[in-house]
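Engineer: Residues per chain, in single letters:
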Amino acid sequence: MSDTHAQTVAFVRETEIPPSPPPAMEAGAVKWVRENLFSGWFNTIMTLVALYIIIRIVIGVFPWFFNGVWDAGSIRECRDILQGTTGACFAVLVDRWDHLLFGFNYPQDAYWRPTLAFVLLIVAAMPALFYMYIPSKFLIGTALYPFLAYWLLWGGSLWVPIAVLAAIILTGVVFRLVEGMTVSTRTVVAGIVGLAAGVGLAYLLYLGAQELWFISTSVGQAGLFGTIMSLVFKLCSVFTYVFFIPMGIFVGYAIYQSASDGGLVTVVTSLIAISVMMLYGVGPVSSVLNGIIPIELEAVESRQMGGFMLCMMLGAVCVSLSIPLGIVLALGRQSDMPLIKGVCVVFIEFVRGVPLITLLFVANVMLAYFFPPGSGLDLFLRVVIMITMFSAAYIAEVIRGGLAALPKGQYEAADSLGLNYTQATRLIILPQALKISIPGIVNVAVGLFKDTTLVSVISMFDIVGMIRGPIQQSTDWISIYWEPYLFAATCFFIVCYSISQYSQWLERQLQTDHH
Amino acid sequence: MKKSVFFGALATAAMAAGVAGASTLDEVKARGTLNCGVTTGVPGFAEPDANGVWQGFDVAVCRAVAAAVLSDPNAVEFVPTTGKTRFTALASGEIDMLARNTTWTFSRDVDLKFEFTGVNYYDGQGFMAPADLGVTSAKELDGATVCIQTGTTTELNLADFFRSNGISYEPVPIETGAEAVQQYNAGACDVYTTDASALAAQRANFEDPTAHVIMPEIISKEPLGPLVRHGDNEWADIVRWTLNALITAEELGVTSANLDELAAGSDNPEINRLLGTEGDLGGMLGLDSDWAERAIGVAGNYGEVFEKNIGESTPIGLARGLNAQWTEGGLLYSPPFR
Amino acid sequence: MTTLADQPVTASSGSFKLSMLLNDTRYRSLTFQFIALVAIIAFMAFVGGNLVRNLTEAGLNISYAFLGEPSGYDINQRPIEYDSQSSHGRAALVGLLNTLIVAFLACVTATIFGVIAGVLRLSNNWIVSKLMSFYVEIFRNVPVLIWILIIFSVMINVAPSPRDFRGDDPAASMWLFDTVAVTNRGVYLPKPVWGDGSMIVLAVFAASIIGIFAFRNYARKQLFDHGRMVPVFWPSIGLFFIPAILTQLVLGNPITLSYPSLQGFNFRGGITILGSLIALWFALAIYTGAFIAENVRAGIQAISKGQTEAAGALGLRPNRIMSLVVLPQALRVIIPPLISQYLNITKNSSLAIAVGYMDVTGTLGGITLLQTGRAIETILLLMAFYLTVSLLISFFMNIFNNRMKLQER
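Chains as they are written, first to last, in the numbering used here: chain D, 1 to 515; chain X, 516 to 853; chain S, 854 to 1262.
No lab work stands behind these hints, which were simulated from the structure alone.
Some hints could be false.
To be verified - Sample of chain D residues facing chain S (criterion: CB under 8 Å; computed from the structure):
(1) L37
(2) C236
(3) T240
(4) D451
(5) S500
Note that CB positions come from ideal geometry on N, CA and C, so glycine has one too.
All chains, full assembly: derive it from the sequences and hints.
Structural biologist: As structure tokens, this is what we get:
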């Protein structure tokens, strides 16, 4: 074509030139590499340094990892197999797998129980974690989970958790019943309950006053400090002696008075109901039921638990217990009653000011002294109490942040609707404040979960305790450190990383709501 | 359940004014298990094996007591304790007895309000160093770095020893025996000091035990024995005489092999009293007459227990030494069963 | 309280009704607080009564007399004079100082790590930013206790022991022209020996530091007032080194260094930094550094992009944008979480117990507790120590924080 027109017409382009590919330096991977990695001398140096670090890590880790020995009976066998080449001795993980996960005392034929409990934990947590996608009726499953998990982990009769559950449900029924009564019926109930509660309280206070006097006589011998303490206790005792009857009358009267609106009397009746059922109902009922239809798993004591399971248990139990406590503390700290506010502030600041390890020492060596002789709280329970207090203080601070972040208008709007404090808090304030606080609470939970390893310091055999104790001490695996610690680190990393990814995802979810 | 425990505790508290603790014996019987405090692991003395079953010389004492009291050597709940937790665990009632190579000292007995019920191993603090260091005596250790387990009497002995010899040292305090060994093997300390028995036990685990020497100096007396709380003398008697029964059994030649035969009755009146075919020693303790027979039946007499766990045939390879019967030049001297 | 408490008794008189205590908002909060007070006293009675009863049963008493008695044990890191004849109280003090030392070192190092990692994580350099997020995620999601134990184990097993330095053909050798020895017991550094006239050298050095600040002030004034750029970097460097070195030479080397050397079992002469201190320090710094990196990143991202763009439009180079525009603003966001990270470091330093570093948990809460058996007293003292330190740190950091805030307005 061009030949025929070449002499007659100047060149006329009839089609667009296909775009030529960009210069090699400006395209695809090369461009990306150039712009992102080598866009200047400083950047280039950084890239090279980073590459060097990565290569060093890879060179160090890969042969070690891939030469790993998985099948050996002891560290010496491992060394024999490796014959001086670098390589990990993962055989320790194979050999002590059960111990690392469940501790060395958990009955071997019952390993399926904590495993099942763990799987169910994930299932049960789903409705709470993804509440925006899963219908809220599945939350019932989440609520039932603790009872099932308790039975799976500790064993014993299935009827015990069922009886406790029944007691809780019955309490709910009582609550509804009293709430729904006509005022005249409720007046009768309030009279009885008020009388009982008043007399009971007065009696308890009377005992307390005696106790205080007893303390004051016991601490008085030791020096000036003792004298002062003795005086303080004496004052408290006299105070209680004076007021135990008026307090009883007053509380009884208050309960009686509340018959008209039903607030106090319902709560007190439910409290009495649940205490009576827990103390006198659950034990006999469950043993009778177990006698009729025995459904039992081999009972396992808390002392026998260990390994990563113990960390998971402590983490899950303490976080779930500390959230309600944290809410109460946060509300208390926001309160305008100086005494309640003061108590909450002192508690929160005290707990946040000391390391968890000292609180664990308290659980280990002091707490037993604060309970009645022979009350037999085992170490697990004492540790749970202290860790719960610890995380409650941190969660309280997170929730306080959430409360403070709520616009003042929300409080005022609730007031102007005529809601009382309980209603406003329950219906308006807390739902919003908690929603803001969720990412913070998750962070506290992750931190707490990591801190459960500290129990190894007080001779509990969690995963770190297992490694530092029975594994490193055993004849076979003496002074092995990389492999078991890396395994422990991996376990924690998997759990914590997934939780923190969830938290970030949730944060994004919550953010879109505000736009 | 936890809740009910808690409420139970509260309720007990409300009504507890002046309820004295029941006797330990009754508590143990009611519970059906003996809570025995042991170490978190010293080879040969107390250590869970790969199946999680506790084995060792101290463990045998616990099992003997459990057999005597509860007729079941396996009815023992072993509570691992560290140097820090052992005394509070005992004082707070978490454990009924402590068999955790604990040195009998004045202050522990008197000030901390415990009752040592005897000595099951006469020990002393020694030093171990690598052979190639060329040290032959602890007095040559001027300026050495010394690994010690914290919270033990060894720490105080060590300070006293170096102070009285006018030489200096650098202490490396360590929580557990395993970490001490790890540091010692890595050369982070020159010398490792602890009870001579534990040194021997740890050395047996080394790749090349001959590359390490244990120095001749024994710088302290460490009578190790089981202990119970002050004030419950009946319980202390049971633990004391169970230990004595094991020792006496060896002295009288009662072994796990001939136990059944001798329990049917023998010519030796002391054996008869010990095994309950004559007199009622068991009844005086608040136990039945076969108590000692059961205790010895668990793993044999003192000598057998020693041989099985830490004796010369085991990797730990301890000689009887001071722990031989008094008739053979040792210190074991049980009061008579009479 | 007593006037309020009288009310239920004298309720019938006047216009006051008993029910007002509950239903009248004026009195209700008082009523609640009164009930709370009674509850607290009852709780105290419960706890205190049990304590007293348990202690009497065990035959124990509460006494702090042990603090004055000789401790009987030795401590390997002694910032103040101490030996086994010193009292338990002094041992506690040594421990407290050791706590403060490791906490201070770790805070400084963690801040450096954190700021570097936080800034680099936002870098355009893909590899660098990924490497930094890798660091942050790995360290944030694994318990600090495991890190401490790993780093300590690695240190004692990988670093050579003093034995390896011995012999004709040693397996290990000292660093930096035989002045620094890195062993698994610690790092041994040259120690300055203060001879006659060394005070003069120090004084000159101090004066030159003041001089540097004055010079920088002058340079800034020149820049702001006259728009003249006075070079700052090289003169500062010169001012830092030259006068002090000159004085040192002129006076005939009054300050000499004593080098560590292998004598007997250990390196001697020179400053020793114990292995346990290094492990704890490094572990705390690198762990907390990951958290600080996140705070720094969040702080920088909180500064609106317009600030960066505006600075870019003014022609500032990227590192100047960061140091002059972004970081100063981000600092206000960063400081409050930074304070709580410092508090965390101080509290986490109590994990020293895992590596045998003799901090206050190791002395007072460890050996003293074990040797005296005074569990309640030592733990209460221990908590009081940490509480005081925490409150002091937050007090001073809050003052600092408020200062930073004031500059804004």
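Engineer: Are the hints correct? Go through all of them and say.
Structural biologist: Hints, verified against the model:
1. The interface hint given for D:L37 holds, since its Cβ lies 6 Å from the closest Cβ of chain S, which is under the 8 Å cut-off.
2. Annotation: interface hint on D:C236 holds; nearest CB of chain S at approximately 5 Å, less than 8 Å.
3. The beta carbon of D:T240 is positioned within 8 Å of a beta carbon in chain S (closest approach about 6 Å), and the interface hint is therefore held.
4. Interface restraint check: D:D451 against chain S, minimum CB-CB distance 7 Å, threshold 8 Å, status holds.
5. Annotation: interface hint on D:S500 holds; nearest CB of chain S at approximately 7 Å, less than 8 Å.
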